[in-house]
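Given chain A's structure and the hints, the job is docking chains B and C onto it.
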Amino acid sequence: MILLLILVPLVLGSMAFAWPENRNRPVFLLVGAAAHAAGMIGLWVRNEPPVLDGFLFLDAVGKVALTATSTLFLACAVYAQGYLRRRDDRDNRVFVGGLLVLLSALTTVGVAQHLGLLWVAIELTTLATAPLIYFNRNARSLEAAWKYLLVCSLGIALALLGTFFLALAGAAPGGPRSLLVEDLVRAGPSLSKPWVRAAFVFLLVGYGTKMGLAPLHSWKPDAYGEAPGLLGALLSGAVTNFAFLSLARVYQVCRAAGEDAFARDALVGLGLLSMALAAVFMVGQRDFKRMLAYSSVEHMGILAVGLGLGGSAVAGAFFHSLNNGLSKGVLFLAAGNIHRAFGSKLTDHVRGAARRLPISGPLFLAGFLAVTGTPPFSPFFSEFVILNGAFGAGRFWVGGLFLLFMAVIFIGMGTTVLKVVQGDDAGTPSNPGFGDSWLTAAPPLVLMLVVLLLGLWLPRGLSDLFQSAARLVAGS
Amino acid sequence: MAAWIDMVFILVVVIDLFTLASSRLNAAIRAVALQGALLSVLPLLLASWEHEIGHVLVLSLGALAIKAILIPWLMFRAIREAAIRREVEPIIGFVPSMILGGVGVALAFAFSRGLPLPSPERHAYLVPTALATVWTGLLLVVSRKKAVNQVLGFLILENGVFVFGLLLAEFMPVMVEAGVLLDLFAAVFVMGIVMFHINREFSSLDTEKLTALKD
Amino acid sequence: MLARALFQMGLLLLFPPLLLGVVNRTKSLFAGRKGLPLLQAYYDLAKLLRKGAVYSRTTTWTFRAGPAVGLASIAAAGLMMAVAGERALVSFAGDFVLFAYLLALARFFTALAALDTGSSFEGMGAAREVSFASMAEPALFLSLIVLARATGTLSLSGMLGRGLAPAWSTAAPALLLAAISLYVVALAENARIPVDDPNTHLELTMIHEVMVLDHSGPDLAFILYGAALKLFLFGAILVRLVLGHRFESLLAAEAAFVAGMVGFAILLGVTESVMARLRLVRVPQMLVGASVLSVFALVLLLR
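Residue numbers (my numbering), protein chains in the order written: chain A, 7 to 482; chain B, 608 to 822; chain C, 84 to 386.
Mixed in with the good hints, there may be bad ones.
[To be verified] Pair ranges (Cβ atoms, derived):
#1 C:VAL357 x B:ARG687: 22 to 32 angstroms
#2 A:PRO381 x B:VAL749: 40 to 50 angstroms
#3 B:MET614 x A:ASP59: 32 to 42 angstroms
#4 C:GLY206 x B:SER630: 23 to 33 angstroms
Source of the hints: derived by calculation from the structure; they are not laboratory data.
In this text, a Cβ means the ideal position worked out from N, Cα and C, and glycines have one as well.
Excised from the complex, chain A in its bound form (with noise of 0.2 angstroms):
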């Protein structure tokens, strides 16, 4: 099944690439969805044994990463019936075929049990998806792939020369001499620790700027700002997931070798940095999808923080990876609506998108609600979680830090917004034929309700699923 759920996207991505009609081409994305989204009702069914001599293998960490991502391909797949069909103006081969490509690697990323895979898979990624970012063919776009490509790639080397640091640590004769996690993880004290603290430093570079994390984000804003809203939902909650889980891993590895201490510091100061620099940089931010982008450096902060902070805090990182997954899915779909039905995304020229836009308008503000973290919104609990876990450590600073720099994006972020939603579109500039129709309003709308009703009811198979996930990386 786990081999299923990695070749059939594979499969398909071939199918659409050599695809002649442009029409019909985006159902292949559906139909990988579907495929894709019912795999992994039956691994949660049944879960399944390691895979390929122990390489692949869904444990818990990898479930929350690929439930969230299945989630957030199958809501894209039907508004992108919606979206290619309204831009049939340009070929979609390579990006239908490269989404379902990069569907394919993001399975590899959650199921690998083996780092070097894992690293293969994550290159994979970055390959798959700079040329999706050059869709809309103009000089911007093309800006935004180069610096994301080469970004991406600086950092995914860097990542590569932490792996090989890792297999070091671990080649002392009687060592483990394997990448497998669980190797790693059982021969830990064993594993030398001057390469273990060096190889933490490259992979947290490296996968953080994969992440986005401060001061390895710079592509996110201009990556995020030219994409397609389609591809902004999947890179910011799908691809940024499957960076954390990478980094989740390491640190995972690390606590076993017993440099946890040190990897504790190095993800809160980063963590920390990072909602600074988006608290900074959003206030006054006039491009709407920019101010997206930060508020995902934001959150991969959170993140960062929450699995920096250890104990349950931890736990409570994975539930706001699944939230975050989601609410920036609604929030970049709604953007890219909000984006073509005006032409324009700056908020100079962007007013009154709740008039013109009946669902989506209203969509961005209350996916703007959730994200900054307001009740009852999902997002909301797993950030209490957190802040639970800093102030019940004796960690005051943090804590005090985490909810100033909230607070400021909230005013932010919420500034932008609602110039955007509110007000009269009359004297705006307007694209007919981009309203708000079924394909591309019922999926963020769809999202939106999930989220909503994560907040108010958390299954008890989901949140046994974050304390397993904690348990493993963080052992708590």
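Using the frame of chain A, we list chains B and C on its own:
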């Protein structure tokens, strides 16, 4: 034999310093090609006779083909398309780049003292060379303005990672090395395509023109 | 003892113009010409010594002192270079610093004499020469420090003498890098291509030649001879560095030394013929590159 291996490592670092100093793109690409060729010889020199000679040979030939022949050819084509000859004065000037490179080499040697190796005698210069090369690559990517030079910096960084991977060739399967080569090839291929588009869109490969997006 | 001192002084004083001849002959051969006779420099010196000097009314005593002090400093520096046998006539710990600064003294007085003429060409040349020298000096010192560290002594005679053979067997890469760095410094200090073209006749492109534009007669002879002597000294360092091998008999050692000097001159000629002159902005980069190479060599030794 050990003396030859040391000479190769030292030559790799000298080539790093040379690329930091050179403003002619032709010379820089040739230097990186030479570095790739040197690195492809290293698996043969470093292999102890426990390994299968087949694996080692495939790795050497693969590295030679990709690093020394294929990728430089792609680079030369990119320059020819864009008709550029020289790098303009980079963000960090040539002299500060060289000095930073020298400092990086010294720091690499200093840091590698704290990283114990399983068999230190054979690979005395390996870790410092790898770290110094990675540092040079980073410096180039960050400070150069022409897209081709940035890709060259990325190549040099991957060369540094490759050098380090040679240490592991004894413990882990050749998959590790194959992974590096594959990554390099794929990444540069995609970069080449994007550069082609950049040239078409902006009529130049000067990334100074790519400054429309900022906050 | 006396014989050795006489032989050393003789070699030091009589050999340098022949170096110039070899360099020029190599360049001519590269260009496909037959070229000047090998002993041409001696004839030039003799001719200049017979002539009288012309002094401008705007110059002072510094203009007359420049060539004399220059030659004296360089000759004094030559006393510290071991050209015959192992030890130089003057050697003590730290004498390489004195060596470097005697050469700098000569340059200082030449620049002073150039400024004394009040001509803008000479001033321009002096400014360029001094700024390039300030960048060549770290490279020179770093290379000498590499040598000092490799052989464990602080005197030039020691660095280029007994301790060199074992140093080559343990620290060959570092010494090779230091040798390359020293070669670049030699090119810069002796105003050779790629730093400066000694055959150019366009004043705006000159660096060294333009400083001595107004000297004539014996003064010019001193300057010409001093330049040859300086080239000889740099060549001697390089040749003795590369020929680290210990020779059994004094005669064999000296023969190897002379052969090495001729080889150095030929190498210089080839370099001048093959390379083009660098743009002035690139010369500092080249010199910094030489310094960085020496730093790298030092790091290798300190490991």
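Margin query: Of the numbered hints stated earlier in the document, which are not met by this structure?
Written below: Hints that this structure does not satisfy do not exist here, as all of them hold.
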